[in-house]
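Q: Here's the letter readout for the chains.
There are 2 protein chains.
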Amino acid sequence: MPDKLQTFQTIKQAIDQADEILLIAHQKPDGDTLGANLAMANWLRDIGKHFHIYCLHPVPQHLRYLPLWEHILYTDEEIAHIPFDLIIFIDSSSLSYAGIGPLLEKIKGEPILINIDHHPTNPNFAKINLVEPTASSASELIYQFFESQQIQITRDMATCILTGILTDTGGFSNLATTQASMEIAGKLLGYGAKFRTITNFTVRNKTVNTLKLWGRALDRLTRHEDGVVSTVITQNDLLECEATKDDLEGIANFLNALQDAKIVMVLKEDPAGFVKVSLRTTQEGVDVSALAQKFGGGGHKKAAGFSVPGKLIHTPKGWRIEGV
Amino acid sequence: MPDKLQTFQTIKQAIDQADEILLIAHQKPDGDTLGANLAMANWLRDIGKHFHIYCLHPVPQHLRYLPLWEHILYTDEEIAHIPFDLIIFIDSSSLSYAGIGPLLEKIKGEPILINIDHHPTNPNFAKINLVEPTASSASELIYQFFESQQIQITRDMATCILTGILTDTGGFSNLATTQASMEIAGKLLGYGAKFRTITNFTVRNKTVNTLKLWGRALDRLTRHEDGVVSTVITQNDLLECEATKDDLEGIANFLNALQDAKIVMVLKEDPAGFVKVSLRTTQEGVDVSALAQKFGGGGHKKAAGFSVPGKLIHTPKGWRIEGV
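Residue numbers (full-length UniProt numbering), protein chains in the order written: chain W, 1 to 324; chain L, 1 to 324.
Keep in mind that the hints are not guaranteed to be accurate.
Where chains are identical, the list cannot tell them apart; a pair therefore holds if satisfied intra-copy or between any two copies.
What the hints assert, rightly or not - Think about it this way: if two alpha-carbon atoms lie no more than 27 Å apart in a straight line, the pair counts; the simulated DSSO-like pairs of lysine-lysine are:
#	residue 1	residue 2
1	K12	K294
2	K276	K311
3	K194	K302
4	K311	K28
5	K127	K194
Honestly, the hints are just simulated from the structure, not real lab data. From a predicted model like this one, the values you see are computed outputs, not experimental measurements.
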């Protein structure tokens with residue numbers, strides 16, 4: 001296997017030689033895939049390369065400050081006719097997770113595929129693979145790429161990369177936080193990364209209605225004998241708090257602050273007649289994806305989920321799921 | 001005014017020449033004053049110096065992992081008879097805030113006073129003063145001191161310093177977060193700082209009962225016309241959630257996550273017949289300490305508080321304070 005520096009050089013050469021580049025952010029995009037792809041996009045723009053960025057789903061509201069985010073395309077039509085000679089996947093743990101199956105088939109030409117990722121399960125699906133599970137984030141790898149190639153990191157590139165590192169480390173609180181990620185974050189502040197904007201959008205992004213809804217979820221926390229702590233949110237709660245399901249984003253992660261829970265389980269009623277269950281754990285030996293798989297779901301060891309048909313009913317014995 | 005390096009050398013010389021050293025953490029101790037003082041204590045122990053550490057109030061539960069925390073003394077009696085020749089105040093914004101007035105009078109000998117702090121209001125109350133308002137924390141200054149004097153930072157010292165930086169920057173989220181604080185945090189991880197322990201104690205430290213109580217506070221959030229968002233917690237809430245007033249620590253800071261609040265106001269009923277009001281803001285031009293002063297309270301620009309006699313009553317028009 002080629003070493004990292006060699007792979008960075010190969011990637012740089014492939015970009016230098018390419019005339020039409022497609023960057024791919026994974027479906028249901030988060031701060032890391034968008035930060036990493038947009039850092040790359042900002043550099044490609046600065047050096048005058050032709051490029052497009054594709055994502056199956058739109059950029060979430062709380063990440064609509066990343067430089068060039070409006071540049072991201074969501075429909076195949078706009079790019080299917082372009083003869084790409086290079087496609088770079090950043091932060092996609094697999095080709096299918098990238099969510100571009102139908103698009104790939106339509107693309108003209110025979111593009112070289114590059115795969116830059118930090119997920120340990122990545123099967124090295126591309127021609128050129130840089131998969132580094134010790135990195136906090138794909139954004140950290142993009143930083144290393146820029147640094148290794150003596151590419152000047154601009155304020156916009158720094159803002160993108162820091163967003164990726166900050167969100168994937170849970171604001172420098174989860175186990176992905178390493179010496180390298182912290183030191184790079186410091187350097188990115190030195191390059192002028194807009195830290196205040198990042199925290200305003202990614203941390204200070206709750207409304208009164210969101211937190212009223214969270215309040216209901218917290219008020220209903222229930223400790224079960226097996227160390228599971230659960231809570232529920234119904235469609236009626238959304239109505240009464242004048243909130244949307246987007247306002248529930250982050251509540252399961254927030255509950256990781258619990259010291260006395262082995263597994264945190266958040267049950268959310270969906271209007272389509274099922275209940276979505278989010279599972280989280282911070283405990284070393286616990287794998288919630290195994291639990292999710294038993295119910296037909298999936299995810300990561302520390303964060304997973306599944307859905308069951310039914311709705312949430314409050315009974316004298318507590319909340320339960322009633323089949324529909 | 002002597003430069004920083006010169007002052008660090010003066011401090012080092014004073015420590016070298018001292019036979020009995022007293023370290024002072026400020027009253028109502030937080031992660032920074034304890035982290036900074038205990039980093040210094042661990043080094044003094046390593047080099048075989050005679051020293052004591054004093055604090056007016058006990059170490060809070062969530063900081064009882066800091067190496068040597070059990071070494072801290074709370075009563076004057078144990079140290080009043082010792083002929084100290086050096087007293088080092090770390091993170092005390094004034095001599096009175098240190099909370100050692102009566103103790104100072106009892107101390108035998110004529111100690112030299114050293115004042116290491118990062119609060120801009122510090123009046124340079126000691127003989128040797130190192131007051132650096134650009135530092136994220138007093139702990140960052142202790143790091144700089146060690147580095148400037150080529151002192152080897154052990155794992156225990158690193159754990160103490162990182163605790164101070166992490167807590168004073170709000171987990172690397174508030175405006176105290178700088179390039180230097182991030183880069184130093186990275187280096188401290190390199191020195192083996194026990195990051196997992198720090199986050200387990202300072203972030204993942206909520207119980208189900210604590211969060212049920214927080215849930216009540218969130219559920220009652222009320223937006224007022226002037227951009228103030230308020231909430232209330234009564235003595236009855238503590239009873240029903242089987243929680244204590246310690247469980248309310250952090251709720252006002254957590255509410256800084258609100259994007260649509262100019263000022264956050266948390267009203268807590270005290271059994272002694274008054275209501276404690278905590279004020280927070282993240283807005284550049286807002287000074288909540290000025291508001292607190294109008295009601296006989298005080299604090300910082302971004303975090304302040306006051307108390308009024310009375311208790312909290314729920315009326316059809318909302319919550320209000322009723323005089324007693």
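Q: Indicate, hint by hint, whether the structure satisfies it.
A: Here is how each hint holds up against the structure:
Taking CA atoms no more than 27 Å apart as the test, K12 paired with K294 passes in neither setting, with 43 Å inside one copy and 62 Å between copies. Taking CA atoms no more than 27 Å apart as the test, K276 paired with K311 passes inside one copy only; the shortest distance there is 10 Å, against 42 Å between copies. Within a single copy, K194 and K302 get their C-alpha atoms only as close as 30 Å, which misses the 27 Å cut-off; across copies the closest is 21 Å, which meets it. With identical chains, the CA atoms of K311 and K28 are at most 27 Å apart within one copy only, with a shortest distance of 25 Å there and 48 Å across copies.
For the homomeric pair K127 and K194, neither the shortest alpha-carbon distance inside one copy (35 Å) nor that between copies (39 Å) is at most 27 Å.
Consistency with the previously given hints fails for numbers 1 and 5, ordered from lowest to highest.
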